[in-house]
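Student: The residues making up each chain are set out below.
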Amino acid sequence: MTLAKLWTIGFRDLMRNRRRSFFTLLAVALGLALLIVLNGFITGVFDDAIQNSIRLQTGHVQLRAPSYSDEKMSLLWADLLDNPAELVAQAQSVAGVQVATPVLWASGIVATPDDSAGLRVYGIDPASAFYEPLRAGLVAGAFPAADDRSGIVIGQRLANNLGLHVDDNVSLTVVNADGEPVEGAFTVRGIFSTGVVTYDESALFMPLAKAQAFTRTDGHASAIIMMLDAQDKADAVAAALAMPNVKALTWRDLNQVMIQSVESGMGFYVILDAIVIMIVAVIIANTLLMAVFERIREMGILAALGMKGRQIITMFVLEAAILGIAGIVLGVLIGLGGVSYLVNTGLYVGDMAGSTPGVPLGATIYAAYAPGLFANLALWTLLIILLASLYPGWFAARREPAEALHML
Amino acid sequence: MAVIQVENASKIYRIGEVETRALDGVDVSVDAGEFMALVGPSGSGKTTLLQIMGCLDKPNTGSVKINGQDVTRFNANQRADLRRDVIGFIFQFFALVPVLSAYENVELPLLLSGASAKERRQRVMQMLEAVGLADRAHHRPDQLSGGQQQRVAIARALAPKPLMVLADEPTANLDTANGQQAMEIMQRLNQETGAAFIFATHDPRVMSYARRTVTMRDGHIVSNGQALG
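As you go down the protein sequences, you meet chains A and B in turn.
Here the working numbering is used: the first residue of the first sequence is 1, the next is one more, and so on.
Here the working numbering is used: the first residue of the second sequence is 1, the next is one more, and so on.
For reference, chain A alone in the conformation it holds in the complex (with noise of 0.2 Å):
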């Protein structure tokens, strides 16, 4: 019997009863938009957590010394590159390599007369393309010049919090490289705005000069980053600057503690969307069964006129067919639709994008799309609801003839 025909009667069945059909073809079109719009946002919560971090922190690569600890933040000259100014040459002489900047960091405590706040003290460049986020970004007041030796730029929000304005004096205190805690007046120069609260609140930027000396770490850096004209030629770079005493990082190694973190929340979706996937494939499965009992005598029919076991359970996988399709076919547009209002106007979250420590998230979310995702979601979809019409195929088809024919 050709399959055309097995479609004509799949089709036809199903429009005999077009309300519990287009439920049935709505459950499946929701469940799989529902999937897509997730799993869109949190390619859009990665996409963004990971470019943010490389924009406002790691950047490309990354030259440090073998020694120095991302987490202790080391101001021991033993941990610190001892020659900047050179290597920030030989990195700029690497090819695609179009930003290098040295960058010193430093845990600080700032404070005001009547409040005070732990954060990460970064002395930089001023003048560097990598901080043009932070120069676009500034809400208030101005960068300070290379030579500036009491002015900081600090975040919205830190600035919120301390309630604190331009040119309003702070003290810094930071333990230098002699292991001593050292205090310095500071005036606010600028207040910048990223998006990313983590940034916003708990960063202070200085020239590199003035850290340096304030630290006690005279013309030493904690690392060289670089910014590349693509993010795929990071392990070339990197390799081209191994040399020995230093240890040039990529942007993935630099965002393992993220990139974990973000893949193990992955996990998650992959366990929610099979849950999606499950329910809609057992609504899936209870229409047919619905279809099976009302039509077991039209069965009994069918097997007199010769038609066999498969050939029964092929019509249900078909008309599980059509109901699937065009559930998919909805489902990805509505899917679409939604990633698209994402990936356009976003998700305001405000205050809980800082509420992960470690991955920078804006106040503002955005969805990305994930083609190859979104079409590995729509087959599975299928699939299972393929697999799902087997057993109500099974059901009709292992009944005798004649008994699916006193079913009068």
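FYI, nobody ran anything at the bench for these hints, they're computed from the structure.
Just so we're clear, the structure is a prediction, and the values are computed from it rather than from any experiment.
Among the hints, erroneous ones may be present.
[To be verified] Subject to a maximum C-alpha distance of 20 Å in a straight line, what follows is the list of computed SDA-like cross-link-like pairs (lysine to any residue):
(1) B:K65 - B:S101
(2) A:K5 - A:G309
(3) A:K308 - B:V71
(4) A:K5 - B:S29
(5) A:K5 - B:H139
(6) A:K308 - B:N77
(7) A:K308 - B:P141
(8) A:K233 - A:A209
(9) A:K5 - B:S101
(10) B:K58 - A:A4
(11) A:K308 - A:A4
(12) A:K233 - A:K247
(13) A:K308 - B:S113
(14) A:K308 - B:L100
(15) A:K247 - A:Q92
(16) A:K5 - B:V71
[What the hints assert, rightly or not] Here are a few chain B residues that face chain A, going by a calculated C-beta distance under 7 Å:
(17) G68
(18) V71
(19) A80
(20) R84
(21) V99
(22) L108
(23) P109
(24) L112
[Stated by the list, open to error] Simulated DEER-style distance windows between Cβ atoms:
(25) A:Y341 - B:G146: 20 to 28 Å
(26) B:D135 - A:W7: 25 to 33 Å
(27) B:D142 - A:K5: 14 to 22 Å
Each residue gets a CB set at the ideal place from its N, CA and C atoms; glycine is no exception.
With the hints as your guide, set chain B onto chain A.
Tutor: Chain B only, in chain A's frame:
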């Protein structure tokens, strides 16, 4: 020559603890081209015997030979092939596939047997013309009267040129005129095609069409009848 021989067939149905002996050691043989009535009161075993003859069910004991082949040992697929190629069915409730047109219903067994599109087209129209429904070819069952539906069922049963046609109370749901018309068509097609017709009935008017009458009671054949003419 016998197209079907049923020998010592018994069929027992069990529902919970209750056992019903629907057939009890039945022997019956039908020759090619016969037009035979299977008569008896309700519950006498007519439908069960037809289902066993039609390979829709298996006897608990005994054998069924079609064209000399013992089919009781056939598996489900072999029995499906046999029903498709050798046996036509007409049911009391017409039993058309509701979502298919008259044309498509008649075409269905031909599709199952793998007939070409051209063969199917010719055969379907030939059969619909034979039952006087060529002009209703594209009507669905719910657009046809009961009599018309039963005539489509007759056309469908004969489309694959079966050796025998089994009809279970074919006129029970028809008025007198339609019942008579259906019987006349079956009688004519029996003569034209040479297919054996075996029909179960308890309607004396239908019995009068039969050239042989087999009478059943309580799962036994009480009269094996003699072929007339």
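Student: Report the numbers of all earlier hints that the structure fails to satisfy, in ascending order.
Tutor: 1, 4, 7, 8, 10, 16, 17, 18 and 25
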